[in-house]
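The hints should help you fit chain B onto chain A, whose structure is shown.
From first to last, the protein sequence lines stand for chains A and B.
For what it's worth, our numbering labels the leading residue of the first sequence as 1, then goes sequentially.
For what it's worth, our numbering labels the leading residue of the second sequence as 1, then goes sequentially.
Just so you know, these hints were derived from the structure itself, not from any lab.
Beta carbons: idealized from backbone N, C-alpha and C, even for Gly.
One should not assume that every hint holds.
Covered, in the sense of this in silico footprint (three residues per stretch, anywhere, with C-beta under 8 angstroms from a C-beta of chain A), are these stretches of chain B [what the hints assert, rightly or not]:
| no. | segment |
| --- | --- |
| 1 | 170-178 |
| 2 | 204-216 |
| 3 | 221-229 |
| 4 | 309-321 |
So the chains spell out like this:
There are 2 protein chains.
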Amino acid sequence: MDEKYYILNTKTVIDYINSSIDFFDKNADYECTEIGDGNLNLVFRVKDKNTNKSLIAKQALPYVRAAGEDWPMDIERGEIESRILEIEYNLTDGMVPKIYKYDKEMYVMLMEDLHDYIIMRYGLLKNETYPNFAEHITEFLVKTLLLTSDVVMEHKEKKTSVSAFINPELCEITEQLVYTEPYGDWPRNNIEDNLKEFVKEKLWKDEALHLEVAKLKFDFMNNAQSLLHGDLHTGSIFVNQEDTKVIDPEFAFYGPMAYDIGALIANIIMAYISADARIEEINVKNRQKDYLLNTLEKTVDLFQEKFLKLFDTVVTDDLAKVKGFKEYYLKDIMINSAGVTGLEMIRRTVGFAHVKDLDGIENDDKRIKAKKSNILLAIELIKNRYETIDGKTYVDRLKKYEK
Amino acid sequence: MDEKYYILNTKTVIDYINSSIDFFDKNADYECTEIGDGNLNLVFRVKDKNTNKSLIAKQALPYVRAAGEDWPMDIERGEIESRILEIEYNLTDGMVPKIYKYDKEMYVMLMEDLHDYIIMRYGLLKNETYPNFAEHITEFLVKTLLLTSDVVMEHKEKKTSVSAFINPELCEITEQLVYTEPYGDWPRNNIEDNLKEFVKEKLWKDEALHLEVAKLKFDFMNNAQSLLHGDLHTGSIFVNQEDTKVIDPEFAFYGPMAYDIGALIANIIMAYISADARIEEINVKNRQKDYLLNTLEKTVDLFQEKFLKLFDTVVTDDLAKVKGFKEYYLKDIMINSAGVTGLEMIRRTVGFAHVKDLDGIENDDKRIKAKKSNILLAIELIKNRYETIDGKTYVDRLKKYEK
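Next up, chain A with everything else stripped away, as it sits in the complex (with noise of 0.2 angstroms):
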């Protein structure tokens, strides 16, 4: 630990910003709540309310309450965060936080404060719906993962970048939770009992299925193809009606591009399946499914048609310029998306971490037949992943699994 270093408080935060970087008015009136859940970070809203101008600073904390984490990584964590927040910053013209400042004695991260947004998941969770967001991710995706390709950056320098951003321990949690544990009798799962037989019938004695899924881990674990975010689910997307930022990309690392893909596909299917089962309101519960049917399969095709359209003003690759190269690469990339996406479904319904989208249905008949529903919609999308390519046909499986 640095000698620099001292825990803040909601008093000393704002001389330590001050003293830090030029942000506030010099008569500014400061309004300042700590926001975070305390485990790992303290996270403080700083807010001058003559301007309203505000920013966030996040400070790791020299210990760690939950048991069996190792400190030295979540230490550096803080760093590789803001470095690849950075990246994406400039790759995207700003769709994630801006970092106004990191200090590596303090592990302060000082950056642009989202007020004005709310988390995906628990937006779609109130029956919100976000126009512009298809268009946003899909953009984000394109641009954060051909950027950071074989297909762009110079080789010496992609290299570089995936040595220093190689990420073991966060890997294995991916590896193990979504790769691995749903497929067998793991301690760490958590199914529900009326789901048990089910799952043991459909995803633990399914030899067929477990090929599939070793095929795909290999591929994630090799794959070093792009910087991915690692863990782009809805409860990593700020958005509103105007923007949509994403945030927390602890889990980057140099990955298939499908793995970022398949995530978010996922989790966009799982919000409609829940919205079918938990709305009353037919009208409401009417244009939910549409609203998330539609971003489904535009998310999907718009991200081909950018991908494509974006390769070629961006490739520096001899070899990736060859006719028919683009069209290969991106199938492949789409193949596994359908792959990843099933994953993803099912190991946020029978492994450790689960989503308040199926969890939080309250009946428990229907909460089991979507559950039951996701997983079977899951297996399709791994198993039949080659003809799984375009928008139209997840919408068509998609509703296959409704009735």
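Frame of chain A, contents of chain B only:
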């Protein structure tokens, strides 16, 4: 440069060795010769004439004679090479020279002297045969490749190893010389005049071929499957009638297993094509061709046999144990190995770095004919790699182009 560094000579190297390691007898009668090519390294063979015990001392020079080389890269390379040799030594029970010591201050590697071995390429050009070679080299391949993959290695440790052995400069050389330049009019290509029209027609105009090369190139750049040797041609292999040793792993990095396997297969095929064109005496020619054909078939088949056998005893990843996975995984390796075989054959005929096997055919007509056959067979291997899995298929394809 470290202050302790000084350039060794045939006198001082003896004291240096004896002050570094306990190797020679007190009463040794030394004979010392410098056997390096003198460009990047000094290479001393030091022998005790009483006992015939000997070793090699390889010292990196503090300057590089070849223009344009990057000095700091070269000086570090010795350390990486010694680490790779140690890893390979342990994985293969001594199929690479033993490293006695690496001295970071003097940039000296003290290592086993392979004085009773010959570089395989030159042995084959002298029409020698090595009956145990296929057995040995498949042992080397299976052990170094499978045991450094995610099938076996603890995944966090493997990622740390991927990061440690990232090799941007030397991978770039391969990406350019093997995967890019032979397919267009690049200044470093080395094409003899009588072959130019043929190369333009067959290699530069074929867009379908370029697409397959692009797919293989991106596999090479992104697939961090195993710790490769990275340059496994017959010039990197020492042989005699009993034994086989692999040297010079300076191109080592985490890449697709196919890259090592294909480089090796290609060099056996080129030795065969060379033997057919070079050797006048019919009995010698037939014996040499039979030996090489048999070695080709055995290398391809034994690798697969041993791979599947070892897999079961060493697999640790839970999903890799799934029924059907090892066959899927191996087939993917073999498909890409056929592709790499073709790439290596082409680049050694028209690219920057040739092989003596082909360039050394003295008769002009025979040499041009051999090079053309080599290129046509290579194209077939690249394009039909999905149907080039077993040894017999390689043999059949090779025989077709012999006519």
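* To do: List, from low to high, the hint numbers that the structure doesn't satisfy.
  => none
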